[in-house]
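K.L.:
So you can see what is in the structure, the chains are spelled out below.
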Amino acid sequence: MERFIVNRIISLVPVLLGISLLTFILIQLVPVDPAEVYLRLSQIPPTDEAVAVTRAELGLDKPLYQQYFDWLRKVVQLDFGLSFVTKEPVMEELLYYFPATLKLTAASLVIVLLISIPLGVFSALYKDTAFDQMCRIFAFIGASMPSFWLGFVLVYILSLKLDLLPVYGRGTLAHLVLPATTLALGSAAVYTRLLRTSMLENLNQNFVLYAKARGLKERLIVVRYVLKNALIPVVIAFGMTLGHMLAGSVIVENVFAWPGVGRYIVSSIFNRDYPVIQAYVLFMAVNFVLLNLIVDIICGLLDPRIRLGGDR
Amino acid sequence: MNSAKVEKEIMNKQVVLNLKNFQAHLPTKRGVVRAVNGINLQITQGKVLGLVGESGCGKSITCLSLLGLTKEKGWVIVGKAQMQGKNLLALDSEEIRRIRGKDIAIIMQNPMAAFNPLTTIGQHFLETIRSHLSVSEKASREMATKYLGHVGLPQPDKLMKQYPFQFSGGMLQRVMIAIALAMEPKVLIADEPTTSLDVTIQRQILGQLARLKEKARTGMLLVSHDLGVIAQMADEVAVMYCGYIVERAPVEQLFNNPLHPYTRALLASKPQMQKKPLQAIGGQAPSLLNLDVGCPFLERCNEKNRRCSHYKQKLIQYDHKHWVGCAKYSAEQRMLNHGLA
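Chains A and B supply the protein sequences, listed in that same order. Counting from 1, position 32 in the first sequence corresponds to residue 32 in this note's numbering; the numbering is continuous, with no gaps. Counting from 1, position 270 in the second sequence corresponds to residue 270 in this note's numbering; the numbering is continuous, with no gaps.
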């Protein structure tokens, strides 16, 4: 197992280098000159002279490869430069906004698991019963409701009418409930269906029949034979969803005035704050790559065929 | 033969599992699937009963429905399956669970698909033992390694820690046999135990099953469509067609003197050393949906006569141990034949 993890980590190095190069090139492809943007945001008229000075200041007059290596050297030291808007280090700003998103994501994760695992398992075990039908209806509603609308409905009912939870802000656990639920409900619906399908597929496997034929208890079969096998595709898909959640949800963060990275990056994009955009793209790419690694490790733990590198 | 005499015979021969008028039907939207239509079979201690028939004739459903293992919900199982005075079909789910794998063990076809890919061979073994016996972890581990050794698997300690994907089909089939053996079952159901294996492995597996029968005096129901396997292993053979037993006889008698036209056709379709062209049975078996009255083999039979279309399938005793379900052998037909002669 250790070797499997070490191998996976080593194989990440070229991936990360590739991502950094892509991030860097993408910014170069934008038709607007960063120096000009910098001047505008600093309220300085972009005369040719001023632009030339700024270009030198930002290192934009050097050859591209040198710019890349300069940038990369700083990035490795977690220095993404200063924001054009606030003139603060980008890293510090990201570190200010990211924990809020992380908290929201973690809470959503818990809600998704709490809803989708029991609903998925039992709707598969009690297929075509009233319970299964109810889960189906929940899944369709949950998956099709847009989150801004769901957010407003939850606020209206739970906060304004029943006065159970705060409308917005952060701090206590109660503040977390509404935004996390809003963010989680769509995924919970999708994963309920996914897990149900996966469970049903495994319930029909020969190894389940053989387990029954050996006289194993129903509960043991459901947990060790069906659920464990059914979780693998769900875990793989979930890694991606989690990545999207960590990228910040613009809508949910706006509805609940939640100070997460989603809102931060949208305002940075409007301002063409290049250092922030560059840092964010790289940050999220690393984020996805790491989540993928975690997913691989979990799958390896679940499935010996992955862990032991079997070719069957 | 009156029923008291039959009962006595059953006692004498130590019948371990007795199927009486066993039926399995599945009502569907398109009609009732009549998979098993009132069969009578006895499995005797230390003997192998072979069950042959082509695919889809109800062999596997017989084995599975006996233990309540049918995949689809809604199967209607009627009749009796008696074991030590208990009717298996009347037991509740916990009672039947205790019998599965303990009193009646199954060896399944396609061993590669029968093991949970995520757990070790050892765990498969241990969870079976501990589902039936209250023994310590250590004792059950010793038991498992002992039986893995019995079926000729080398280094059982090491094998216990390995996963199914690291095994070949033949090895997994042996593991299944070892698991079945460990519980010392009274009846072993082997459903096409060698079908997915290559010929050399087939021999070894059959040898193992034969030794098991000798040593543990287990009664065995060997299901196969392979007449070679049946000829080699079985003491008595039942031929199944469209959910009916159409012929039942001791193995030599069945192979030397097959009575039912279907059995004859089946034997003729078996490869022989003399390079005669193989005889295929023409036509297809009728759908198990809405079986008509009359002999189910009628359409494909080349010995049919006018009685066959309203012949009700039942076994006629041809001689002491040879039973056949065909209109040709009915009392009236025999009288007719004598009259003509």
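Since the hints were made in silico from the structure, they are not lab data. Since the model is a prediction, treat every value here as computed from it, not as a measurement. All C-beta atoms, glycine included, are put in the ideal place defined by N, C-alpha and C. Be aware that one or more of the hints could be misleading.
[Claimed, not checked] Cβ pair distances, simulated, as ranges:
| no. | chain 1 | residue 1 | chain 2 | residue 2 | range |
| --- | --- | --- | --- | --- | --- |
| 1 | B | G56 | A | I306 | 35 to 45 Å |
| 2 | A | N7 | B | G207 | 23 to 33 Å |
| 3 | A | I306 | B | Q84 | 45 to 55 Å |
K.L.:
Each hint should be assessed against the structure and marked as holding or not.
P.N.:
Hint check:
1. G56(B) x I306(A): 35 to 45 Å: holds, 37 Å
2. N7(A) x G207(B): 23 to 33 Å: Violated, at about 44 Å.
3. I306(A) x Q84(B): 45 to 55 Å: Between I306(A) and Q84(B), where Cβ atoms are some 46 Å apart, the hint holds.
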